[in-house]
Amino acid sequence: MEYEVVIGLEVHAELSTDSKIFCSCTTEFGGDPNTHCCPVCLGLPGVLPVINEKVIELAVKAALALNCEIAEYSKFDRKNYFYPDLPKAYQISQYDLPLAQNGYIEIEVDGKKKKIGITRVHIEEDAGKLVHAELGGYSLVDYNRTGVPLIEIVSEPDIRSPEEARNYLDKLKSILQYSEVSDCKMQEGSLRCDANISLRPKGSKEFGVKTELKNMNSFRAVQKALEAEVKRQKKILERGERVVQETLRWDEARGVTVPMRSKEEAHDYRYFPEPDLPPVVISKEYVERIKSTLPEMPQERKERYMKDYNLPEYDAGVLTDSKAIADFFEACVEKYHDPKTVSNWVMGELLAALKTKDAEIDDIPLTPSHLVEMLELMDKGTISGKIAKTVFKEMIETGKRPEQVVKEKGLVQITDEGKISEIIEKVIKENPKSVEDFKNGKEKAIGFLVGQVMRATKGKANPQIVNKLLREKLQ
Amino acid sequence: MELYELTIHELLDLIKKRETTPSEITESVLKRVGQVEDRVKAFVTITEEEARERAKHIDEDVNNEGNIKSLMGIPMALKDNMCTKGIRTTCSSKILYNFKPPYNATVVEKLNDAGTVLIGKTNLDEFAMGSSTENSAFHTTRNPWDLKRVPGGSSGGSAAAVAADEVIFALGSDTGGSIRQPASLCGVVGMKPTYGFVSRYGLIAFASSLDQIGPFTKDVTDCAIVMNAICGHDPMDSTSANVDVPDFTKSLVADVKGMKIGVPKEYFIEGIQPEVKDAVMKAAELFEEMGANVEDISLPHTDYGLSVYYIIAPAEASSNLARYDGIQYGFRAEEYDDLIDLYKKTRSEGFGPEVKRRIMLGTYALSSGYYDAYYLKAQKVRTLVKQDFDNAFEKCDIIICPTSPTTAFEIGAKTDDPLAMYLSDVFTIPVNLAGIPGISIPCGFSNGLPIGLQIIGKPFDEATIIKAAYTFEQATDYHKQKPNL
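Top line first, the protein sequences correspond to chains U and P.
Read in order, the letters of the first sequence are residues 1 to 475 in this note's numbering.
Read in order, the letters of the second sequence are residues 1001 to 1485 in this note's numbering.
Hints are computed from structural coordinates only; laboratory data are not their basis.
Treat the hints with caution; some may be incorrect.
[What the hints assert, rightly or not] Once the Cα atoms are required to be at most 20 angstroms apart in a straight line, the calculated SDA-like pairs of lysine to any residue come out as:
| no. | chain 1 | residue 1 | chain 2 | residue 2 |
| --- | --- | --- | --- | --- |
| 1 | P | Lys1356 | U | Tyr269 |
| 2 | P | Lys1377 | U | Leu97 |
| 3 | U | Lys429 | U | Gln404 |
Let's have the full structure, built from the sequences with the hints guiding it.
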């Protein structure tokens, strides 16, 4: 039998506020354990939460970017459970009246557009972090992250394959970054994802029994975990057995999904309205005001790049995938006349370098003006395209201006015809065989001779001039 | 006459006239504590040295500034569920036996600013759950009028300390009557302000939607003075109301002419002590004689108050008290096998039986499958109880009734019967459910034990309550009686 995969995703994204959700402690990542804390986020006896208005603003912004309807009236609830990283023994979240509902994200599947529904977006606080002693026997708690604001984004079960799930996550991340509500750094835990997945016979309208997958630390892991779970469920169904509804943990090392102990999931959270916080009442005017601050979204930007810069769809797509990259590109284009050249450098050298370094563009010292100045040196003939690649690498490492790199490394292009002629003479003398070959009509041989001249000048000779002079001398 | 016997306004007059100093007052109060505390047992912690230091400091302020702040040099006590920086704050629970908060509650800051001197932290029923202080993990406070009897609760320590002249005033907290009932049983003035009028920041939560801090004083004038100091909006408490605080001392006018006073028939139930009923009826007559219009009213949902309260308060408490898990602070069981065992043993050993009973009640009421039948329903009935008052206040300015159905009962009399104990708060609980203000003032005696009159008002209309209470006080001398200690 052929099965259809049904997936829904729950994503937690950290909001980019300076201070925590209910107190004025910093949200900065890292820091020595328990240094970003106060009585409020430590949940000490007697303290009370006060909502950070920036949290509401960013959450509304995110929800609007996800095409959601903003609730005029929503409220906070307590989700009660015991765990040492949760100092109040309840998490302040939103239960039956979330901030926003009924949105969607548009993704592309096999070249066609598809809408994935967003069930709800709600606000909640993050918990702390448990650090288990390596030798066992005890654990330590770090409350720095406690009270960092999160939004939870729950999708409809509209996703039909692990690839689509990946696609959805990429798009979601891009939208959140574009609207500047979250930096979405998965390695810092500012974006986390759980998945619900079930299988059903193709054509069936009813849902199969679902399982919940947790502990995926990257988008790739989400995709792999879902792929593994599709296989596992398929096997069960093909044996004529039933899938058990349960929560599974993704074991990255072994590449399998493992059931969590029932103790870990048998929770009755005893939700009830948070009596320490008033309801969240949001006016239409407020929503309109936030809407007007929403920046251009990736899809719009992509279309604009194709139209205004005459870029191929592929280029426009790659460049606008990440807001930071698109911003970098645009800053270059403002100062440089040829968008396609900029696009080639950004998509080629820049993205490759970021991938190798596993870095974001903010992490490296290269600025748009570096790239523009370098392109101008090429246009002036000061450096060749080949030299430019060396310069580019150096700029990424050190942040030095291109002219300085050229000077320090002696990379100025040799355009002096007399000087080049001298070297050509020498090369001709040393390679009689190639000269002979060329004269006998072997066009390829000239390439070798050009290469020898370039080698002798350590790549600094202007290749066009070398080519021109060589031909003159050999004719 | 000893200084410790005086009221805030009397002492402030003496300080202003330079006839005494904060240090002399503090010494007098500490002397009194030395004489009676081992019999009354009002305190959990006495901050004798800090008090002397502080008083000396204020002596200088008085000399230097000349400007006398509203409570300058006045010795007072705080119920031990209000956080005091660096001073043990226990909630009279083993689980917080060693907890020293790193911060001050907002009311503590306000009192400090007003110039008070902290004498100590007073005993309470563990986590403010109870009506007698018998649920304290440390000891039972005695009623200064009869040491064999309870002072009421949960703020019994604060009420007894004021009644025994161990402090000039004290703060308590009132979730279902915990200020008014002990004030009634100890013969002092105790006010629960409108919910949201006094900041709860730093008050260790019992039931967040009901808890409210208020004063115990020796007379209504002092009540108005302390209310001026503690009321007002606090950005640290999102449930704190952003309303103007009137000068309550302006309401100290003996005049109830034309005031409309309602007497709810549901508050004179069977089981009420006849002397209590008589005293309240006499009070009503007195008001009438003084020119008020007294009429019978009905608060039809009064019967449900107790049931609603014993769903909502434990539900909130079960969540509020979940943080006492032995991880960050307070008591932790000595031996345990794993995390779950650590939780179980810490909480089993750290909490007393009444607290456990309420945590279980609340956990049950919030459980999946029971939430709608209990918590949600209780919230709906709470609205009906509140509407009763809204309707009543369309016809009258204040409501008068007994504070407690009985005078002080003997220690141990109700400890085996929680339901009988819960009935002690039957007249005070509806006021918390409605979030409105109420006061208890002395209105008579029965066999040498004080009787309290409760005056209930409209939200944020403490001024009218104070005016009525002051008028009654001016016409009587119950508040001037002192226990024989």
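Practice problem: Tell me, in ascending order, the numbers of any earlier hints that this structure violates. | Solution: 3
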